[in-house]
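K.L.:
Here the sequence shown is numbered in the working numbering, starting from 156 and rising by one per residue.
There's no promise every hint is true.
List time: in silico SDA-like cross-link candidates among lysine to any residue, alpha-carbon distance up to 20 Å [to be verified]:
hint: 1; residue 1: K274; residue 2: R213
hint: 2; residue 1: K326; residue 2: A312
hint: 3; residue 1: K338; residue 2: L310
hint: 4; residue 1: K326; residue 2: K274
hint: 5; residue 1: K274; residue 2: L215
hint: 6; residue 1: K274; residue 2: A312
hint: 7; residue 1: K326; residue 2: L386
hint: 8; residue 1: K338; residue 2: A312
hint: 9; residue 1: K338; residue 2: K274
hint: 10; residue 1: K326; residue 2: W354
Pair by pair, the computed Cβ-Cβ distance ranges are [said to hold, decoys possible]:
hint: 11; residue 1: D244; residue 2: S397; range: 31 to 37 Å
hint: 12; residue 1: S189; residue 2: R373; range: 19 to 25 Å
hint: 13; residue 1: Y323; residue 2: L386; range: 33 to 39 Å
Derived by calculation from the structure, the hints in this document are not laboratory data. Being a predicted model, the structure only gives us computed values, none of them experimental. The C-beta atom is built at its ideal place from N, Cα and C for all residues, glycine as well.
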Amino acid sequence: MAGAFLWAPAESVIGGLGAALFHRERWYAREAVSRSIDVYSAGTPRATTGVRIRRLTRELPTEHVVTVGGIRVTSAARTAVDVARWECDDDIAIAKIDAICNRAGIDVDAVAAAAEHMKGLHGVQRVRDLLPFCDRRADSPPETRLRLMLVRGGLPAPTPQVVIYNEYGEKIATADLAYEGQKVAIFYDSELHREKSAWEFDAWANAELLELGWVPLRVTAQMMRHPPMLLRQVRAALMRQSRQT
156 MAGAFLWAPA ESVIGGLGAA LFHRERWYAR EAVSRSIDVY SAGTPRATTG VRIRRLTREL
216 PTEHVVTVGG IRVTSAARTA VDVARWECDD DIAIAKIDAI CNRAGIDVDA VAAAAEHMKG
276 LHGVQRVRDL LPFCDRRADS PPETRLRLML VRGGLPAPTP QVVIYNEYGE KIATADLAYE
336 GQKVAIFYDS ELHREKSAWE FDAWANAELL ELGWVPLRVT AQMMRHPPML LRQVRAALMR
396 QSRQT
């Protein structure tokens, strides 16, 4: 990627998922830059393999450009807007915003401010419409998709990344999503949870959560392919817990 920057004209700025990689995004950027990177340029540099030139129709605001490791890239907030507006799938666009905000340590409000400066550019209004569904606390794209599924299924919005302690102040687990009032903890279990050490930890955590009055629900990728069933299980857990509190 640094080679592409050196090839580009002096005023060029790396944007999109290439910039996201500089902001430590870990879910989408690395695979994307293995194919191509986006470079903002006011000029018309000679095309080269693996570089997509984004012609600037207006100058990038100063606050939308940062230097990381000697390379000029779009700011995390600007990057989030660009990545989302160039993504045609709304849910993936939301997940990409969440991922960039989470790793760069910025709030969704910062993305909204960047989008405000970008009004009139293609896709920006759509991004602004998606921002109310974003949450920087999401720790992975599956967690974002699961949260969206629950809300669109008519359930209240759960709280991401809830740390649960026992009566001695010891950490028991971090729920990917939780309904704290009803004590329902939802965990997205990736394939890593099939490993013996992870499986043992999850079993202990489940036992302690139940002892503390929590209901742990573990969700897999296969379960997320059947939203009605998953929504029914979460709704039933909330109803049972509500009757007991």
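K.L.:
Hint by hint, say whether it matches the structure.
P.N.:
Verification of the hints:
Proposed proximity of K274 and R213 is supported: the alpha carbons are some 11 Å apart, at most 20 Å. Of the pairs offered as hints, the one joining K326 and A312 is violated, with about 24 Å between alpha carbons and a cut-off of 20 Å exceeded. For the proposed pair K338 and L310, the alpha carbon gap of about 15 Å is at most 20 Å, so the pair holds. A hinted pair counts as satisfied when its Cα atoms are at most 20 Å apart, and K326 with K274 does not qualify at roughly 44 Å.
As the CA atoms of K274 and L215 are separated by approximately 13 Å, the hinted pair is consistent with the 20 Å bound. A hinted pair counts as satisfied when its Cα atoms are at most 20 Å apart, and K274 with A312 does not qualify at roughly 29 Å. At most 20 Å may separate the alpha-carbon atoms for a hinted pair to count; K326 and L386 exceed this at roughly 28 Å. At most 20 Å may separate the alpha-carbon atoms for a hinted pair to count; K338 and A312 meet this at roughly 14 Å.
Taken as a hint, the K338 and K274 pair is broken in the structure, with Cα atoms around 42 Å apart against an allowance of 20 Å. At roughly 18 Å between alpha-carbon atoms, K326 and W354 fall within 20 Å of each other, so this suggested pair holds. Taken as a hint, the range 31 to 37 Å holds for the pair D244 and S397, whose Cβ atoms sit roughly 34 Å apart. Evaluation of the 19 to 25 Å hint for S189 and R373 yields a failure: the beta carbon distance comes to about 32 Å.
Under the hint 33 to 39 Å, the C-beta atoms of Y323 and L386, about 35 Å apart, fit the expected range.
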